[in-house]
Structure formats: C-alpha cells, structure tokens
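Novice: Chains as they are written, first to last, in our numbering: chain R, 42 to 474; chain S, 42 to 474.
Treat the hints as calculated values from the structure; they're not laboratory data. None of the values given here were measured: they were computed from a predicted structure. One or more hints might be untrue.
Same chains, same names: a pair is fine if it fits in one copy or spans any two.
[What the hints assert, rightly or not] Pairs of lysine-lysine residues, derived as DSBU-like cross-links and limited to a Cα-Cα distance of at most 30 Å, are as follows:
#, residue 1, residue 2
1, Lys194, Lys145
2, Lys85, Lys164
3, Lys85, Lys145
4, Lys145, Lys199
5, Lys85, Lys199
6, Lys164, Lys145
7, Lys199, Lys164
8, Lys85, Lys194
9, Lys194, Lys164
There are 2 protein chains.
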Amino acid sequence: MVNIRQLSTADAGFEQSLADLLAVESAQDDEVTQVVHQILDNIKSRGDSALMEYTRQFDRLELTRIDQIEISPEQVQTALQAIDSEALAALEFAATRIRQYHEKQVAISWQHTEADGTMLGQKITPLARVGLYVPGGKAAYPSSVLMNAIPAKVAGVKELVMVTPTPGGYCNPLVLAAAAISEVDRIFTIGGAQAIGALAYGTTTIPRVDKIVGPGNAYVAAAKRQVFGTVGIDMIAGPSEILVICDGQTDPDWIAMDLFSQAEHDEQAQSILLCPDATFLERVAASIANLIETMPRHEVIRTSLQNRGALIHVRDLQEACTIANQIAPEHLELSVENPEQWIASIEHAGAIFLGRHTCEALGDYCAGPNHVLPTSGTARFSSPLGVYDFQKRTSLIQVSSEGAAQLGRIAATLARGEGLEAHARSASYRYEQ
Amino acid sequence: MVNIRQLSTADAGFEQSLADLLAVESAQDDEVTQVVHQILDNIKSRGDSALMEYTRQFDRLELTRIDQIEISPEQVQTALQAIDSEALAALEFAATRIRQYHEKQVAISWQHTEADGTMLGQKITPLARVGLYVPGGKAAYPSSVLMNAIPAKVAGVKELVMVTPTPGGYCNPLVLAAAAISEVDRIFTIGGAQAIGALAYGTTTIPRVDKIVGPGNAYVAAAKRQVFGTVGIDMIAGPSEILVICDGQTDPDWIAMDLFSQAEHDEQAQSILLCPDATFLERVAASIANLIETMPRHEVIRTSLQNRGALIHVRDLQEACTIANQIAPEHLELSVENPEQWIASIEHAGAIFLGRHTCEALGDYCAGPNHVLPTSGTARFSSPLGVYDFQKRTSLIQVSSEGAAQLGRIAATLARGEGLEAHARSASYRYEQ
Numbered sequence: 042m043v044n045i046r047q048l049s050t051a052d053a054g055f056e057q058s059l060a061d062l063l064a065v066e067s068a069q070d071d072e073v074t075q076v077v078h079q080i081l082d083n084i085k086s087r088g089d090s091a092l093m094e095y096t097r098q099f100d101r102l103e104l105t106r107i108d109q110i111e112i113s114p115e116q117v118q119t120a121l122q123a124i125d126s127e128a129l130a131a132l133e134f135a136a137t138r139i140r141q142y143h144e145k146q147v148a149i150s151w152q153h154t155e156a157d158g159t160m161l162g163q164k165i166t167p168l169a170r171v172g173l174y175v176p177g178g179k180a181a182y183p184s185s186v187l188m189n190a191i192p193a194k195v196a197g198v199k200e201l202v203m204v205t206p207t208p209g210g211y212c213n214p215l216v217l218a219a220a221a222i223s224e225v226d227r228i229f230t231i232g233g234a235q236a237i238g239a240l241a242y243g244t245t246t247i248p249r250v251d252k253i254v255g256p257g258n259a260y261v262a263a264a265k266r267q268v269f270g271t272v273g274i275d276m277i278a279g280p281s282e283i284l285v286i287c288d289g290q291t292d293p294d295w296i297a298m299d300l301f302s303q304a305e306h307d308e309q310a311q312s313i314l315l316c317p318d319a320t321f322l323e324r325v326a327a328s329i330a331n332l333i334e335t336m337p338r339h340e341v342i343r344t345s346l347q348n349r350g351a352l353i354h355v356r357d358l359q360e361a362c363t364i365a366n367q368i369a370p371e372h373l374e375l376s377v378e379n380p381e382q383w384i385a386s387i388e389h390a391g392a393i394f395l396g397r398h399t400c401e402a403l404g405d406y407c408a409g410p411n412h413v414l415p416t417s418g419t420a421r422f423s424s425p426l427g428v429y430d431f432q433k434r435t436s437l438i439q440v441s442s443e444g445a446a447q448l449g450r451i452a453a454t455l456a457r458g459e460g461l462e463a464h465a466r467s468a469s470y471r472y473e474q
Numbered sequence: 042m043v044n045i046r047q048l049s050t051a052d053a054g055f056e057q058s059l060a061d062l063l064a065v066e067s068a069q070d071d072e073v074t075q076v077v078h079q080i081l082d083n084i085k086s087r088g089d090s091a092l093m094e095y096t097r098q099f100d101r102l103e104l105t106r107i108d109q110i111e112i113s114p115e116q117v118q119t120a121l122q123a124i125d126s127e128a129l130a131a132l133e134f135a136a137t138r139i140r141q142y143h144e145k146q147v148a149i150s151w152q153h154t155e156a157d158g159t160m161l162g163q164k165i166t167p168l169a170r171v172g173l174y175v176p177g178g179k180a181a182y183p184s185s186v187l188m189n190a191i192p193a194k195v196a197g198v199k200e201l202v203m204v205t206p207t208p209g210g211y212c213n214p215l216v217l218a219a220a221a222i223s224e225v226d227r228i229f230t231i232g233g234a235q236a237i238g239a240l241a242y243g244t245t246t247i248p249r250v251d252k253i254v255g256p257g258n259a260y261v262a263a264a265k266r267q268v269f270g271t272v273g274i275d276m277i278a279g280p281s282e283i284l285v286i287c288d289g290q291t292d293p294d295w296i297a298m299d300l301f302s303q304a305e306h307d308e309q310a311q312s313i314l315l316c317p318d319a320t321f322l323e324r325v326a327a328s329i330a331n332l333i334e335t336m337p338r339h340e341v342i343r344t345s346l347q348n349r350g351a352l353i354h355v356r357d358l359q360e361a362c363t364i365a366n367q368i369a370p371e372h373l374e375l376s377v378e379n380p381e382q383w384i385a386s387i388e389h390a391g392a393i394f395l396g397r398h399t400c401e402a403l404g405d406y407c408a409g410p411n412h413v414l415p416t417s418g419t420a421r422f423s424s425p426l427g428v429y430d431f432q433k434r435t436s437l438i439q440v441s442s443e444g445a446a447q448l449g450r451i452a453a454t455l456a457r458g459e460g461l462e463a464h465a466r467s468a469s470y471r472y473e474q
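The shape of chain R in the complex, shown without the other chains (with noise of 0.2 Å):
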C-alpha cells in the first residue's frame, strides 16, 4: 500500500491543500550557513593549504602533495577504456543529442546604423574560465556532466574546470567518461563549500572561475549562494518534481512508472498528477500499488509519494493547466490526446513533455534540451540551465558628431534634472565645440 494524498479541486479547502503539498522547508540552515562560511574564510586567505586539509579531512583523502587532487589526461583515458562499451555509445549518442539543441541557443553578436552614422549593438563573448561541480559517491551522475558541460563548450567557454569529490578516493568512471565526452579541460578531486571557494577565490593550484554551475549538498549551495557576485552562479535547486497532466487515456503503469521516477531521487522529491477522470485516477492508484514493489527504490519512492505526492481530481484539461501554471512545475508532462493544443496555456513550466510517449526521463537523458530546471516554482523567473548562461553580453555605443549633437543635448538636460552637472557638462562638450 502507498498512502498517496488524494485530492479534488472541487473539495473545500483545496487552495490551501494545495499550498500545503507545494510548501518547501527552503529555510537556510544558520549552522551550515556559518561553517561554510569560516571554509570559505580560509581557503580565501590559505589557499592550497586549507584547501587540502578540508580534503583530507571530509573526504578521507592521503593526500601528500597538492597535485595529486588533479586527474591526469591519462586517467581518463584509462577510464574509457575500462567502461562497457553500449554505456559508452549510450553516453556518446546523449552528448551528440544534447549539443545539437544547444547549438540553436547560441547568441550572435549584432550592430546597427543609424542614418547619421550613430551604431548601436551588442556584443556576445562567451565566459572564459568555468567551474563545474559534480556530487561524489552514489549521486555522481555522468547525464549532469553531459548537460551542465556541453553548454558551456558550445558558449565556447575556453576552460571548463571540473571538481568533484572522491571520498575514500572513489570516482565513478562513467562521470570520467562523461567528462571526457563533453570535453572538461581539467578534473580535480575536491568537493564540497572548499571546492566552491578554491573555484570562486582561485588558489595556487585551482584557477579561479567566473562562474560556478552544478548541483551539491547543502554546504555546496550555501557556499554558492555566498560567493554569488563574487563570480556567477546557476539557480540554487530544491528538490525535484513533476507534475503530469493525464486526459485518462495513457496506460496507468506508464503513469505510475512516471511518478516513481521523480520520486526515485530522494524523500524530498515531488510526484503530482492532475486528471479529470476520477476513474483513471483510481486505476493509477492501483497501478502504484501493484508496481511498487517491484522498484529497487521503493523505499525512497514511498517515502517521498507518501510525503510530496498527489494525485488531483480536475474538472477538466483547462484547470488542469490553471494548476500548473500555479505550481510553475520543474517538469510537466502532457500525457494527453493533441498535447500541443495547451502549449499557448502553459505560462511557467522548466519542461514541457508533450504526449503519451514523451516520459520525463527521455529528456533527463538523451532527447537534447536540458535536465538542470527550475525547480520549487522558480520557472515563474527563470530558465532552463543553456548556452546563454556561459555567454555574456557588452553593449556597444558609437556616436557620430552629428548624433552627438542631438543626444548631447537631452542628455545635458536630463543629467542637469538629477543635478548631475558633470554627465551635463560632458555631454555638452561634444556638440558645443
């Protein structure tokens, strides 16, 4: 049995069951909050040196000397090698998939003229120097090397600087390889807030970055969250979730199945459906039940129904979307006859998963878009991870004599409005003289 919240937007009360089940505890932790920021203290002022005692330390590391935390060329290849053979194919036919999508994202540089030779434009330079954080152990997962990487290379990003940490010296080869295909330049064992402020601050042996991307634990993100400015940084990701709009017509193991694969992730993650046909809703329930079982995480997969999940009783597709659109979802699938017909009604969603065959983990994997989405409803604001965040924008003004004349002058009047007599001054300067 999985005690799956089951609810109806007819039922009285239901706004507020429904903010209830979206409700995060996003709280910052004051503890971690403090401990990451005395880690960040040092290796800012110790550099190399705190940052291989953080590394001995928290992940078990013997280290001797500051550059074995770097993994050789050499390394990698032997990792390749060492992989299955249909994984590595499977990782190559991803990689390919995921930077012909990419590619249609790349912004290109523009200048206009005016009649009296004034040019205005902007300019796109892709970020220089990269950080690339990877989780260690059991959540090293090489699809988030392929999507946080390729991006950044097809930006043209110059230098890619990946960290990940070994506890006990382990690092998966699959995550290696991952690396390898999306073509890292460099890979350096440490991990954790050390690893963010080594990236953020630079020491002798970690180059400094000028942006940092990647998923973490919570000292990761607190560490982010205070370098942010210092360099740039992604969004900061809650836990995981979809939300699947069904007409009732989908077979309901395939439904179930999609609900357990957001739920696999963690206790935390996030398994909603949303489906007029209150009998389709009863055989989705079954299907949980029956398939459950049958789950090497079930576990983590009960928990997290039992917690975060719901299946919802719609009147029909158009409030289906109203819901949606409130929850601003991570990933929403449209399991639905003609999924294409709601598109125009989707405001905010990270992904839309359009039709029957379209399940979630086809684009967590290989389909070409982006698995790193905004999660806990920041899709009202923000974007999927993509070329645009390892790309950046300069404005270029050239104004001609003859344009100096015109603007000097409503510049001057304007500057003198904010009592700003120097931008008045210089501006005038060009067209009194």
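Place chain S on chain R using the hints.
Specialist: Same frame as chain R, but now just chain S:
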C-alpha cells in the same frame, strides 16, 4: 589640486598597485544582514501591518490607512503636468530610443521537428509580474526608472510594480513622469528592506512579484540577496566605474570631464584613464586641476578621484586593452582614432563607448542601450540589464513513437548506469509495448 594617483605599467609592482586600486570592500555587514533578516521575517509573518510600522518609522510617513501607500493614476497625471516641458520631452525622447534598442533583444520561441516526427523547441514567456525598486530622496533618478522599466515592458511583463520610499512625503515628480512614460502599472511609496520583503512574499496590499530589479542602499541590497531564490533578482551593484582608453588626441578637458562624470556619483566611484602618451596624461591632470572647482559636486569628485582614481601610462593601446580585460570595467570609453578596430580585443566590459564623441553620459541617458551594467569586474560573467532578464524559457519535447523506440533504449541504458530503475522502466515502457 587633486592628488590623483599616477601609475605606469612599466613600474615595478604595477600589477599589485592595480589590484589594490581595484579592491572593493564587498564584505557584507553582519549587522545589516541581521536587521534585514528580522525585517523580512516580520513582513512575511505580519504583512501589511509590519509594512505600515516600518514605513512610519523609517520614512516618517503619517499613515493611517494602508491604501495611502499607493500613488493613484491621478497623482501621476498631476506630476506630469507640473514638470517642465523640456524635461518631459527629453524623457520621452530617451524612452523612445531605449525602447527601440531593447526591441532588438526580444527572444523568439522556436520549434524544430526531426525526420521521425520528434519535436524539440523552446518557448519564450515574459515574467508575469516584476517589482522595480527606485531609491527615494536625492538619489531618485528618473533615468533609472526608464532603464529598468522599459526592458520589462518590451519583454511583455503584464504587471510592473514600482516601489519608492518618500521620506517625509516627498516624491520626485520626474520619477513619477518617468514611471508614466515607461508604463509602470502600480506605484507604492514604500522602501528599504520592508519594500523588498513585501514584493517577494506579497502582502494583502502589495502583490507578490516574480523578480525584483533596481538599485538601492546596503539594506535593500542585503534584502535582495536574502530573497534571491524566492524571487529572481538582478545583480547587486557595487560602486560605479569608468575606464577611459585614450590615444592622446582627444581634448583633455573632455577626458577630465568624463572622469568627473563618474566620480561625481559618490566617493566610492572609480575613474581610471589609460594612455600611451605621458604628456597627454599631464594635460589631463592639468584639466582636472583647472576644472574641478567649477563643479557643484567638486568635493565628491575630489574624494573619489583621490581615493579610487588613476591616470595610467601604458606602452600602447594593445596593452591598454589587456588591462581593460583584467579590470572588466562597467563602462569603457575608447577615445581613440578608428575605435572599432579594438572591439575584438575587448572580452569583458559592460558597455563600450566608441570614439571621441561618445562620452558615457550619452549612454547613461539616451543613446538606447541600458545603463544598468555589471560593476566591480562582474562583466566577466554578467550582462547589461536587458529584455532577456524579463523573459524566461521553457523546453518543449515531443517524442514520436518511432523516436521513443530509439531514445528510450538510450535513456534506459543511462538510467541503469545511474542506478535509477524507475527512470529506465518509464523509458522502456514507451518502446516495449
């Protein structure tokens, strides 16, 4: 006399001198952080009543009803009619140019269908509701309203909510005029951390927004940092800076005034000149000495130039570009012959002002590009404020049954490699049946 620092790249220790010059005290004040944390907590838990208390306390406003904090459209119209017609015309002219430039930044949704019927795409949606913070009192800049509001409206943001403190009840009519011209939807006379909290969490009176942009003091900056994640925020700005590269052929008075125009903002602002002609540097120093007493804000300018300014002798213009890339300046003037030849050499800058007639002030007000630019070297990884800050992306994935047969196998292989059996099963259902 102005004791502005004179350096040369030929000096021993130049690198360290430059690093010292650029160092910004960016440490977050722990006391400010704590005070702001408490204000945000109070706004979150007590909403409007806390908001009224803080506004009475900090802005000395005699509020008896909460709806007194909203400025009515009639009040805005009254302000519009009261202001000088030349100032109004200048604001409208600037708004038109800003709008035209930003319209070139609008991103467009796309979809691409593959041979087997699989469709991938990217849907662009504007943010639904955005908060715009506008500082009150003397630093209330109408140009800043235009620069923040217009890109949001060009992006298609439906509801743009402006907040601005009105200490003692004073509100700059030019700020209201700028809000009207740039189609701000609602205006509230609140400020400080309490205004940021109200926008981030929503109160009965203040609608919850999806993103908050705009400059503010240390409390506002700390509040934005703390609500980041609950809502989106723009960059947290440091002191403003200008780097001028001159070949020695521009009128030294022009260059001196360009340096003043940055220095007059505040004592922390930074103005640096790079030039290969030592004689010209002397002439600029003479212009500075000669002109400073004519400036209303000469005390601020003097302090800023003495504390943070520099005239730097370089070997040649190529070296000047190298230094510019190290600095990654907010504003870069290329006051040289054929400035366009150097565009390719500049990798990191917020905006480049090309040619002797293009002083920064033209870009600050009316050239068209945004004046909200990355400060303190953050141009290494961030961009001018733009339409892209008010649009977000949603990935679209529609896999055909044929596509699922191929992608499903790859996904299942990769998922099993990561120990995620529900992902694998969810994918394999799509091709096994």
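Novice: Check each numbered hint from earlier against the structure, then list the numbers of those it violates in ascending order.
Specialist: 2, 3
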